[in-house]
Structure formats: structure tokens, C-alpha cells
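The chain contents come next:
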Amino acid sequence: MRSTPELDARTGLDKLAGYPFQILTWVDDAGYPISVAVDARIHPTELSARFATPAGLTVPTDREVSLTGSHIRPQPGYGYDERRHVTVWGPATNAGGQLTFTGRTAWGWDESEVAFFEYSERSVAKSRKYFDALSAERGTPVKPKLSFGFLTLRTTRLPFLTATIIPVLLGILIAASHGFFDLGAALLTIIGASFVQLGLNVANDVFDTMSGADDANVTPTQFSGGSRVIQYGLVSFRQMATLSTIFYVLAGLIGLVLLATHGSTALLVIGVVGFIVSLGYTAPPLKFVYRGLGEVAVALGFGPLMLLGAYVVQTGGALAWEPFVASIPVALLVALILYVNEIPDRRSDARAGKRTLPVRFSPRTIITGYNVAVAAAMVVLVTGVVAGVLPVPVLVMLATIPLALRVSRGLAPNYDNPYALMAIMGVNVQLHLRAGLLLIAAYIVVLVVGAVAPAVSLFLR
Amino acid sequence: MATVPGPVAALLEAALVGELTVIDADGRPVTYPLIPLWDGERIYLTSSTLFSRKLEHIRGNPKVSVSITDPVAVGGSPDRATIQGDARVIEDDPHGGWERLLPMWEKKEPSIVYFLKARVALPLFFERALIEVTPRRVLYWSGGDTDVAPVVATVGQEAA
Chain A
300 MRSTPELDAR TGLDKLAGYP FQILTWVDDA GYPISVAVDA RIHPTELSAR FATPAGLTVP
360 TDREVSLTGS HIRPQPGYGY DERRHVTVWG PATNAGGQLT FTGRTAWGWD ESEVAFFEYS
420 ERSVAKSRKY FDALSAERGT PVKPKLSFGF LTLRTTRLPF LTATIIPVLL GILIAASHGF
480 FDLGAALLTI IGASFVQLGL NVANDVFDTM SGADDANVTP TQFSGGSRVI QYGLVSFRQM
540 ATLSTIFYVL AGLIGLVLLA THGSTALLVI GVVGFIVSLG YTAPPLKFVY RGLGEVAVAL
600 GFGPLMLLGA YVVQTGGALA WEPFVASIPV ALLVALILYV NEIPDRRSDA RAGKRTLPVR
660 FSPRTIITGY NVAVAAAMVV LVTGVVAGVL PVPVLVMLAT IPLALRVSRG LAPNYDNPYA
720 LMAIMGVNVQ LHLRAGLLLI AAYIVVLVVG AVAPAVSLFL R
Chain B
7 MATVPGPVAA LLEAALVGEL TVIDADGRPV TYPLIPLWDG ERIYLTSSTL FSRKLEHIRG
67 NPKVSVSITD PVAVGGSPDR ATIQGDARVI EDDPHGGWER LLPMWEKKEP SIVYFLKARV
127 ALPLFFERAL IEVTPRRVLY WSGGDTDVAP VVATVGQEAA
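Residue numbers (our numbering), protein chains in the order written: chain A, 300 to 760; chain B, 7 to 166.
Because the hints were derived from the structure by calculation, they are not lab data. All values reported here derive from a predicted model rather than from experimental measurement. Heads up, the beta-carbon is just placed ideally off N, CA and C, and yes, glycines get one too. It is possible that some hints are incorrect.
[What the hints assert, rightly or not] Here are the computed lysine-lysine pairs in the DSSO-like style, where the Cα-Cα straight-line distance is at most 27 Å: (1) A:K428 to A:K442; (2) B:K69 to A:K425; (3) A:K442 to B:K123; (4) B:K123 to A:K425; (5) A:K444 to A:K428; (6) B:K69 to B:K114; (7) B:K69 to A:K428; (8) B:K123 to A:K428.
[To be verified] Which residues of chain B face chain A? A few of them, derived with a C-beta cut under 8 Å, are: (9) T55; (10) K114; (11) L128.
Full structure from sequences and hints, please.
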């Protein structure tokens, strides 16, 4: 994949005509390049440009020369922006002090057409080739580097652990409000569940690399397109596969400890289903996300399974409607993170056979789907309170509706611009995070009220 | 010590962007806009490994030129110059070797330090090689008018 697709000469000359002056460049008889600013009259339809011979210099007519346009806009205190450049190559003829240049090939970059991040992504193969050549030259592997902290952050996508911590904490708090609390088990649950997600995050990169989805993606963002540590040569495919296995093994060991110490049939079922959903998210043969079932898997995994799993560890297997109902808004909002994050990836996903919902449906349907899912999350919450299943303080989650509206309104205008959509994806992540934190706060209130005023009921029943 | 005429040094110090021209395997000039960093003796430029084709060209043919042509990029000075020289790619440590030039780079592009702090977001951009250009010959257009013959100086000698 070329970082900057070659332009045809006509397009190059068209672009060149937009620059206030052109830079004529040739290789002189001593073998050095030489550049001179000229004021060319450009005729793209004739594939030509005409200009006066620069004074005191001899422009060769026996070899290709080039005309370049280059532009920046200085931004004091920042640097510059509005970067663009174009070069057209071709022969020049000299007649009476006037040079006529004929364009043959061209290339260039305009950041208003190809964003810098995409330009960089399109050039990743060039970087890998560079390091391969350097390694061959030195006889030892030379790889790009990141500090251990940054590499860990990037490889595991650590900040997304909030998707696990929120439902697990909620499950623990709801159990506590029901009179069950074991600190050791709570900590083990959080750690074990986190390992499951870390295993999933890394496995996702492994299988998306195998399918070609991550390689085909030239518009990744901080929320989409995977960690890209394999594509960048920061971590090998084998290392990632090993890391994912380690995370799953650690999660499995903690699961076994919890089963041995706080085991129940419910926990066993949740654990087994959770493992299948987690690994089957991208791994064959299930590959949920490739079948448009990624949202269902994520909703199930980071909603009811995490929340009920944490709950039954504390209760020793006793189930209740409250944690299940409380898990539904969390499940819907976390699934919507994936749902929105798939929008910028939809073209590369389609090429890799990853039939996600944004691949399958029109933007209009996807945006409607977003609105329906957010509304459903809020309706379930309110219905849960009205039905007396959820405590009244959880209604504080409704305070996140403005965030949902910001996402909803931001989707349509930014649907085709991954980098503009990044801000919307960020707000969407915040929607899940803040909704979860507000639910956690609500249950802390429930616990406090239960401790200081046990006679006061926070349920409408 | 090799050096360039004072007005050309001033252009190099002021230029936010100049044009590095290298020669490809077919003998064609290939021009890249880059930030020229002048240490009083040599011109330094840095290239991300993402955009490393120019480095291949330099290894194949070290003869290059750096031109300063855009008055907007030099704070309004109309003067123009082309410096021909011999380039050397320095890539002992692509991860951090280039950072010795960061103070000079930051003067021209202050935002680079913020991007560097967020290196995790675009790690390959900060895997970089240095291009060191030793000037050999300078063409200088006072006032930028290329209808007038340039003042030509061989580096280390007075302008001819």
C-alpha cells in the first residue's frame, strides 16, 4: 500500500496551479539537486507549464526535472498547519529563454484530503521495511520501542477496564445491600474479571490480525482499530497470543479459586458462559463480532455475566432480579461503545469479512439503533424503579441523558470522518463510565441509608 | 569550519519548513518539505521511519539540496536560497537519538513536545533517523527574485 498514491500529471498540475509559486528542481552537472522558485503559468489540460529560465542557471533538457508546490500556515506558539505539497515530474524544453515543462507523473499529500493520522497509518509498511532493512544490516533485530508503561497501556488497552470494573463493583455493592460482603472474594472477582477482559482485548488483536481486519484498517483511532502493536512491530504476533493465553489462564485460576471457596452452580454456569463469550468474541469458530453479534456478546459479557457473576460470588449462589435488571442499562451502554466504535472501522471490517452492524446497515439505521438502545437503557432503569426492583437513587443515572444526546447528534455529521468521530466516541465512552459511576454512587447511598436508617425504604414497594 | 553566508544561515534559522531534495535510483530529484535545523555548521533534518523512502535515496546517493523558498515559512523575508551538500543518515538509535535536536525543533514547532509526551498515540512517528547535511555550495537570491542570477558561494569561501 503506497503512503501517498501517485497522482496523474493532470491532477498534479491542477494542484500545482493553486500554489503562489513553484519550485523548479533538477540535478545539475555536478550531480547535486538544485531548486529555484519560479512563477509558472500552468496549463493542466495541456499537461504543461511555462516559465522564464531562471537567471544565471542552465536548466537541463536531457533529463527529467520537477515542479513542486509546498504550503504551510505558520501558527505562532504551535508550529504550523495546512500542510500540503505536490510534485510533478517531466522534461523541459527551452525556447528563447522560456521553458516549457511537460508533466508526466506526480505525487503529493494534502492533509485536508488525507488526515495526518491516516497518512501515517498508510505508511506503516514503510516503517516495517525500514526496521527489517536495519535489522538485516546490523545482523540483529531492531524494533521500534515504547516505554514499558506506554507499551502495557497500548497492548492491553488498560483504560477500557472500566467496562469490567463497573459491572463487577455494581454486583458487589448490590450483594452488599442484600447483606452479603466478602472483601477477599470481592478483590479476587475484580482481578479475575479484569484478566478476562485483558485476555479478550489481546485476543481480539490476535484474531483481527489473522483475519486481516487490523492490517486493512488505515483509519484507526484511540477507540477503534485495535491496539495495533502487532502492525507497528512493537509486539510480535506470538507474544500477543502468549499474553492473551496468560491472561485467560490467570483468569481461569482465579475462577477456580472462587469456585472452590465461594462456588455454586450459578457461578459455574456464569463462568463457563463468560469464558465462551469472551473467547468466542473474535476466535473461531464462534467469531461473534464477525457475524454482527459482537454487541450481543459484549452486552452479555460486560452486563449480566460480570454483574451477576460478582453478585453470586458474594451470595454463595443466590440469584435475584435486582442485579439482573441493574445489569441491563450497563449492558446496553457498553454494547453501544462497541457499536459506535465499529463505525469508523466499517470499511476495513467489510474487507476482512467482519460483518458488524455498521457494515450491514445504513448510517440512518445505525443512528436510529443507537437512539433506541439508549432509550431502552433509560426505560429499563425507570421501569425497574417503578416496579420496585431497583432503588430510587439509581434514577440519578438519567443525568447522563445529555451525553447520550451529544453522541446521537454527533453521529450523522461525523459518520464518514473517523477523526471527527473520535470526539463523539469519547463522549460515548464517558456515557457508559458516568452512568456506571452514578449507579455505583446510588448503591453506596443505598448502603449508607441501610446502615444509618434501616427503616427507610428506597424502593417503591 | 564549514559554514554558509550569514543571510543564508539566518534563513535556515528562521525557516519553519524548507525543501529537502534527494535523488532517486532513476536519477530524478524528489523533494520533501521538512523542518531544517541549523546548528551553525550543518543542516539537520529528521525523518520518521514511516516516511523513510528519502533515507533509502540518500543511502543510494548522498548528494542533496535544501532550499528555502517560501517567504511565509520564514516570517516574511523574501530572500531565497538553495544549499547543496552531502548528506549522511544517522540511525544509531531511531528511538531516541534524534531527541538531541529536540530543543532546535521545539523552537520552530513548539507543539512537538506535546505530541512527544503522547508518544503512545503515534509511536512510529517518533522512531526517527537524522539526516545531516554538510553544505558544499550555496545559491542565494537576495530579495528572492530568481530573474536575477543568484550569488553563488562555495562553502568556506567568500561569495563569488
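**Prompt:** Does A:K425 lie within 27 Å of B:K123 when you go C-alpha to C-alpha?
**Reply:** Between B:K123 and A:K425 the Cα gap is close to 24 Å, so the pair holds against 27 Å.
**Prompt:** Are the Cα atoms of A:K442 and B:K123 separated by 27 Å or less?
**Reply:** holds, 20 Å
**27 Å Cα cutoff - pair B:K69, A:K428** = holds, 23 Å
**Asked** Is the straight-line distance between the alpha-carbon of A:K444 and that of A:K428 27 Å or less?
**Response** Given pair A:K444, A:K428 holds - Cα atoms ~16 Å apart, limit 27 Å.
**Message:** Tell me if the straight-line CA distance from B:K69 to A:K425 falls inside 27 Å.
**Reply:** holds, 23 Å
**Prompt:** Close enough to count: is the Cβ of B:K114 nearer than 8 Å to one in chain A?
**Reply:** holds, 7 Å
**Message:** B:K69 and B:K114 were given as a pair; does the straight-line alpha-carbon distance stay at or below 27 Å?
**Reply:** Holds, at roughly 26 Å.
**Item:** Interface hint outcome for B:L128 [beta carbon to chain A under 8 Å]
**Value:** Cβ of B:L128 sits 6 Å from chain A, so the hint holds.
**Message:** For the restraint on B:T55, tell me whether the closest CB of chain A is nearer than 8 Å.
**Reply:** holds, 4 Å
**Item:** Distance restraint between B:K123 and A:K428, which requires alpha-carbon spacing of 27 Å or less
**Value:** Roughly 26 Å separates the two Cα atoms, so the pair holds.
**Request:** With a cut-off of 27 Å on the C-alpha distance, tell me whether A:K428 and A:K442 pass.
**Result:** Satisfied, since the Cα-Cα distance of roughly 11 Å is no more than 27 Å.
Checked against the numbered hints above, the structure violates none of them.
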